[in-house]
Amino acid sequence: MTPYQKLFRVVYNIDFFAIAVLLVGFLFPLTKEVEMPTVFLIKHVIEYSLYAFLYFGNVYFLYPKLANKRFGILYLLIQGFIIYLNQLFLHWVRSALDLYTELQKVYSAAGSHSFSNNHWDTTVVLTMSVVMLTLSYIASVAKKMKRNQLAYETSERERILAELSFLKAQINPHFFFNTLHTIYALMDTDQPAAKSSIYNLSHMMRYVLYDTKNDKTSLLKEIGFIEDYIALMKVRISEEVQIIFDVHTPITDMDIAPMLFLPFIENAFKHGISAVHPSYIFIGFSLTQTELKFEVRNSLFETLGKQLDDDQGIGITNTKRRLDLLYPGKYKLDIESDKIVQEHGITLTIQK
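Note that this note's numbering gives residue 30 to position 30 of the sequence shown, counting from 1, and the numbers run on in steps of one.
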């Protein structure tokens, strides 16, 4: 349960308790063995209407207007003055209705002398006024905390969305720069391949420009985008480099953050292949009922080991930050370099 939900429950419970106190207090005198006179009922309705006014007026008007550091003392003075005015007004109502005379007649006719006197009524009015104002103060504080929590969560959500947009705006140019550099390298060596690569790039740009506008995209579309990227990269690397792209089938679709895996794949192509040594890149996806697993493994060359540790690039850094923002507590990222088997590996697991 979120802090906002907890505060909402507290406020709801206080309002419910205050209404319950009013109902019990209102109905209790009506359960006595004697039939109360009309003037008592009039006084009773006025009295408990005032209690309700004390509660809701304090919660929705007085506290929001005055309960702060500047008007704190004034707020307390007004609270005391309200209790005093309430006492005076209800005393005037009882006198104007000649309530005690009417009650005396009713109880005398019933052969009983047990009815509320002025001292008892004054105590009840004072107690109920203090109870209602106390409950309203607690409810007001809880409502203020709820508003502050909601405002904080809204502000935090807007901040995260703004940061994600900034990170995505950085990743997209980063991807295009790398891809254009690849095509540029082909222009002088293999023009047909360069033309084919431009066509593939246009297809990929369509995905980047239109399918990544939202926070989530289709996993199957993301996998298709990666397939296009691998095809584009194969044009510029030696046929001796082994590229393995393994998608465990059948794989169902799910929503995923767009271009989340590309920086890791770019990193593998940047550091995991060699023009003189046998090399390979493995890229794999597997999906279970509870999690998505993404793996990248590539050759590790001793001369590039330190560079790999020091130069993760803007794409990897931003992707880690995006994971923190989009999947807090729901992902695990393992990055390992095994110099014995000369392999660098990344495993990203995301809970569904």
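For the record, the hints were derived by calculation from the structure and aren't laboratory data. Warning: the hint list may mix true and false statements.
[Claimed, not checked] The following label-pair restraints were derived from C-beta to C-beta distances:
{"no.": "1", "residue 1": "332", "residue 2": "185", "range": "21 to 27 Å"}
{"no.": "2", "residue 1": "89", "residue 2": "159", "range": "18 to 24 Å"}
{"no.": "3", "residue 1": "337", "residue 2": "245", "range": "18 to 24 Å"}
{"no.": "4", "residue 1": "245", "residue 2": "278", "range": "46 to 52 Å"}
{"no.": "5", "residue 1": "230", "residue 2": "148", "range": "46 to 52 Å"}
{"no.": "6", "residue 1": "64", "residue 2": "221", "range": "44 to 50 Å"}
{"no.": "7", "residue 1": "157", "residue 2": "218", "range": "39 to 45 Å"}
{"no.": "8", "residue 1": "151", "residue 2": "227", "range": "40 to 46 Å"}
{"no.": "9", "residue 1": "325", "residue 2": "275", "range": "36 to 42 Å"}
{"no.": "10", "residue 1": "325", "residue 2": "141", "range": "15 to 21 Å"}
{"no.": "11", "residue 1": "159", "residue 2": "192", "range": "46 to 52 Å"}
{"no.": "12", "residue 1": "85", "residue 2": "157", "range": "42 to 48 Å"}
{"no.": "13", "residue 1": "291", "residue 2": "151", "range": "18 to 24 Å"}
{"no.": "14", "residue 1": "290", "residue 2": "159", "range": "29 to 35 Å"}
[Claimed, not checked] Only pairs whose alpha carbons sit at most 27 Å apart, straight line, appear in this in silico DSSO-like list of lysine-lysine:
{"no.": "15", "residue 1": "65", "residue 2": "213"}
{"no.": "16", "residue 1": "195", "residue 2": "234"}
{"no.": "17", "residue 1": "144", "residue 2": "221"}
{"no.": "18", "residue 1": "320", "residue 2": "330"}
{"no.": "19", "residue 1": "352", "residue 2": "330"}
{"no.": "20", "residue 1": "293", "residue 2": "270"}
{"no.": "21", "residue 1": "65", "residue 2": "216"}
{"no.": "22", "residue 1": "352", "residue 2": "221"}
{"no.": "23", "residue 1": "144", "residue 2": "234"}
{"no.": "24", "residue 1": "105", "residue 2": "65"}
{"no.": "25", "residue 1": "270", "residue 2": "339"}
{"no.": "26", "residue 1": "216", "residue 2": "144"}
{"no.": "27", "residue 1": "221", "residue 2": "195"}
{"no.": "28", "residue 1": "320", "residue 2": "221"}
{"no.": "29", "residue 1": "330", "residue 2": "216"}
{"no.": "30", "residue 1": "216", "residue 2": "293"}
{"no.": "31", "residue 1": "330", "residue 2": "221"}
{"no.": "32", "residue 1": "270", "residue 2": "221"}
{"no.": "33", "residue 1": "144", "residue 2": "65"}
{"no.": "34", "residue 1": "270", "residue 2": "234"}
{"no.": "35", "residue 1": "320", "residue 2": "270"}
{"no.": "36", "residue 1": "293", "residue 2": "234"}
{"no.": "37", "residue 1": "216", "residue 2": "339"}
{"no.": "38", "residue 1": "320", "residue 2": "332"}
{"no.": "39", "residue 1": "65", "residue 2": "146"}
{"no.": "40", "residue 1": "216", "residue 2": "195"}
As the structure is a computational prediction, the values presented were derived from the model and not from experiment. Note that beta-carbon positions come from the ideal geometry of N, C-alpha and C, so glycine has one too.
To see whether the hints hold, each was checked on the structure:
no.: 1; hint: 332 with 185: 21 to 27 Å; verdict: 36 Å, violated
no.: 2; hint: 89 with 159: 18 to 24 Å; verdict: 50 Å, violated
no.: 3; hint: 337 with 245: 18 to 24 Å; verdict: 22 Å, holds
no.: 4; hint: 245 with 278: 46 to 52 Å; verdict: 18 Å, violated
no.: 5; hint: 230 with 148: 46 to 52 Å; verdict: 50 Å, holds
no.: 6; hint: 64 with 221: 44 to 50 Å; verdict: 49 Å, holds
no.: 7; hint: 157 with 218: 39 to 45 Å; verdict: 24 Å, violated
no.: 8; hint: 151 with 227: 40 to 46 Å; verdict: 45 Å, holds
no.: 9; hint: 325 with 275: 36 to 42 Å; verdict: 38 Å, holds
no.: 10; hint: 325 with 141: 15 to 21 Å; verdict: 32 Å, violated
no.: 11; hint: 159 with 192: 46 to 52 Å; verdict: 48 Å, holds
no.: 12; hint: 85 with 157: 42 to 48 Å; verdict: 45 Å, holds
no.: 13; hint: 291 with 151: 18 to 24 Å; verdict: 34 Å, violated
no.: 14; hint: 290 with 159: 29 to 35 Å; verdict: 30 Å, holds
no.: 15; hint: 65 with 213; verdict: 43 Å, violated
no.: 16; hint: 195 with 234; verdict: 14 Å, holds
no.: 17; hint: 144 with 221; verdict: 45 Å, violated
no.: 18; hint: 320 with 330; verdict: 13 Å, holds
no.: 19; hint: 352 with 330; verdict: 8 Å, holds
no.: 20; hint: 293 with 270; verdict: 22 Å, holds
no.: 21; hint: 65 with 216; verdict: 43 Å, violated
no.: 22; hint: 352 with 221; verdict: 17 Å, holds
no.: 23; hint: 144 with 234; verdict: 60 Å, violated
no.: 24; hint: 105 with 65; verdict: 47 Å, violated
no.: 25; hint: 270 with 339; verdict: 18 Å, holds
no.: 26; hint: 216 with 144; verdict: 34 Å, violated
no.: 27; hint: 221 with 195; verdict: 24 Å, holds
no.: 28; hint: 320 with 221; verdict: 21 Å, holds
no.: 29; hint: 330 with 216; verdict: 16 Å, holds
no.: 30; hint: 216 with 293; verdict: 17 Å, holds
no.: 31; hint: 330 with 221; verdict: 22 Å, holds
no.: 32; hint: 270 with 221; verdict: 24 Å, holds
no.: 33; hint: 144 with 65; verdict: 12 Å, holds
no.: 34; hint: 270 with 234; verdict: 13 Å, holds
no.: 35; hint: 320 with 270; verdict: 18 Å, holds
no.: 36; hint: 293 with 234; verdict: 24 Å, holds
no.: 37; hint: 216 with 339; verdict: 37 Å, violated
no.: 38; hint: 320 with 332; verdict: 10 Å, holds
no.: 39; hint: 65 with 146; verdict: 17 Å, holds
no.: 40; hint: 216 with 195; verdict: 31 Å, violated
Hint compliance for this structure: hints 1, 2, 4, 7, 10, 13, 15, 17, 21, 23, 24, 26, 37 and 40 are broken, all remaining hints hold.
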